[in-house]
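Engineer: Sequence:
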Amino acid sequence: MMGYEWAPELLGEDFVKEKGAQPFYHVYFTGMVRDSHRKKMSKSLGNSPEALELIDNYGADGVRFGLLSSAAAGNDIIFDAPFDKESGQILNESRLCEQGRNFCNKMWNALRLIKGWEADDRPTDAINQLAAEWMEEKLSQAVEKINANFTEFRLSDNIMILYKLIWDDFCSWYLEMVKPEYGQPLDRITYEKTISLFEQMMTVLHPFMPFVTEEIWHQLRQRAEGEDCIVSHYPKAKPYDQALIDRVEEAKEVVTNVRETRNNKGIKMKDKLKLFVQDTEGAHHLLGLHGLPEMIIKMGNLESLEFAQGEIDNAVSFLSGKDKFFLELQQEINTAEECERLTKELEYFQGFVTSVDKKLSNERFVNNAPKEVVDKERQKLADGQSKIQSLQEAIRQMGC
0 MMGYEWAPEL LGEDFVKEKG AQPFYHVYFT GMVRDSHRKK MSKSLGNSPE ALELIDNYGA
60 DGVRFGLLSS AAAGNDIIFD APFDKESGQI LNESRLCEQG RNFCNKMWNA LRLIKGWEAD
120 DRPTDAINQL AAEWMEEKLS QAVEKINANF TEFRLSDNIM ILYKLIWDDF CSWYLEMVKP
180 EYGQPLDRIT YEKTISLFEQ MMTVLHPFMP FVTEEIWHQL RQRAEGEDCI VSHYPKAKPY
240 DQALIDRVEE AKEVVTNVRE TRNNKGIKMK DKLKLFVQDT EGAHHLLGLH GLPEMIIKMG
300 NLESLEFAQG EIDNAVSFLS GKDKFFLELQ QEINTAEECE RLTKELEYFQ GFVTSVDKKL
360 SNERFVNNAP KEVVDKERQK LADGQSKIQS LQEAIRQMGC
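Note that the sequence shown ends on residue 399 in numbering that gives the first Met the number 0; no numbers are left out.
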């Protein structure tokens with residue numbers, strides 16, 4: 000309740016007269032912190048973990064992440080510290096705080112990786128140009144969403160947007176796309192772009208996790224006195240290229256399918272394979288993006304990526320968007336296993352299409368939902384129906 004007492008005082012007439020300006024226009028009150036049984040956390044009730052113990056275990060930023068990711072706008076915070084059944088006491092543990100600690104470690108590891116690279120004046124590869132453009136678009140998209148969420152005080156949504164942007168897009172994909180061969184330098188343009196992207200993400204994340212972001216920000220490059228992350232320029236939301244983002248997302252889906260096939264077939268990552276794509280207008284559009292074929296080849300560790308006029312013998316097929324790919328194997332295909340895989344995938348998409356069709360059959364949804372949401376569902380339905388047709392054709396050709 001203390002917030003209700005001091006907030007009016009700070010916004011009061013005396014303060015404005017003394018300082019000559021209103022300090023802020025909004026005051027955000029978090030919800031009540033409750034345990035997993037939705038009881039108010041209290042030392043006297045024995046259901047509150049030791050804050051200092053949590054900080055020792057997960058770090059201050061890890062604990063902040065755990066609390067903020069639970070702070071849905073307008074709701075109480077349900078803290079996930081478990082109970083010890085024997086003692087009846089709450090433990091100084093939290094899965095969400097652990098996730099926050101792992102997030103900090105992920106960013107530190109990314110910093111070590113980048114600072115371990117050498118850079119020279121060699122030309123920038125097509126894949127590096129594409130990676131930098133894509134990551135810039137993803138950052139602009141994230142900043143736009145974050146700014147919109149701030150106006151509605153959706154803090155938990157923002158921290159998860161940043162978590163996915165940094166962990167998934169930047170660390171898991173971007174850094175792997177631009178990472179040079181062992182012992183080789185990176186071109187200087189890509190290296191500087193990588194540092195700049197990391198800096199901007201630390202600035203946006205800083206309000207949520209101030210300690211780790213400040214440290215990383217200072218280690219990314221030499222800083223002048225007073226040049227701190229906390230006062231760095233916040234990235235501006237700029238128009239972003241959704242079409243570019245979508246095409247790279249489809250390429251990522253292709254790479255993921257290649258990796259899953261390797262894993263399912265026990266094929267080592269070091270073994271290079273040939274990938275073919277059915278020769279269609281859509282496939283030419285996808286692979287016509289400068290640097291995208293090189294990205295798929297590098298990330299999938301492929302020997303080549305070629306167009307195919309028909310089916311490829313001794314190959315596993317998969318769909319990415321509306322495009323059909325064939326991964327040529329160095330071993331005979333088990334027809335029964337492949338039929339089982341295709342049948343399961345067909346059943347999944349049939350259920351998916353039924354679910355989307357049911358939603359679109361609801362007049363209240365179609366009439367009340369935003370047009371872009373309805374259009375997205377209709378596109379999902381069309382894509383799902385297309386995949387069903389392709390899977391049915393693949394099953395027919397396999398003779399299942």
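Take the hints with a grain of salt, since some may be wrong.
What the hints assert, rightly or not - Once the Cα atoms are required to be at most 30 Å apart in a straight line, the calculated DSSO-like pairs of lysine-lysine come out as:
1. K114 to K178
2. K163 to K144
3. K235 to K321
4. K237 to K42
5. K321 to K105
6. K358 to K105
7. K42 to K18
As the list claims (entries may be wrong) - The calculated label-pair distances, taken between Cβ atoms and stated as ranges, are:
8. R222 to Q384: 51 to 59 Å
9. N333 to Q98: 44 to 52 Å
10. T29 to I394: 47 to 55 Å
11. E97 to A71: 15 to 23 Å
12. N333 to Q384: 26 to 34 Å
Hint data in this document are derived by calculation from the structure and do not stem from the laboratory. Built from N, CA and C at the ideal position, the CB exists for glycine as well.
Engineer: May I ask which of the numbered hints given earlier this structure violates, with the numbers listed in increasing order?
Structural biologist: Of the numbered hints, 3, 4, 5, 6, 7 and 9 do not hold.
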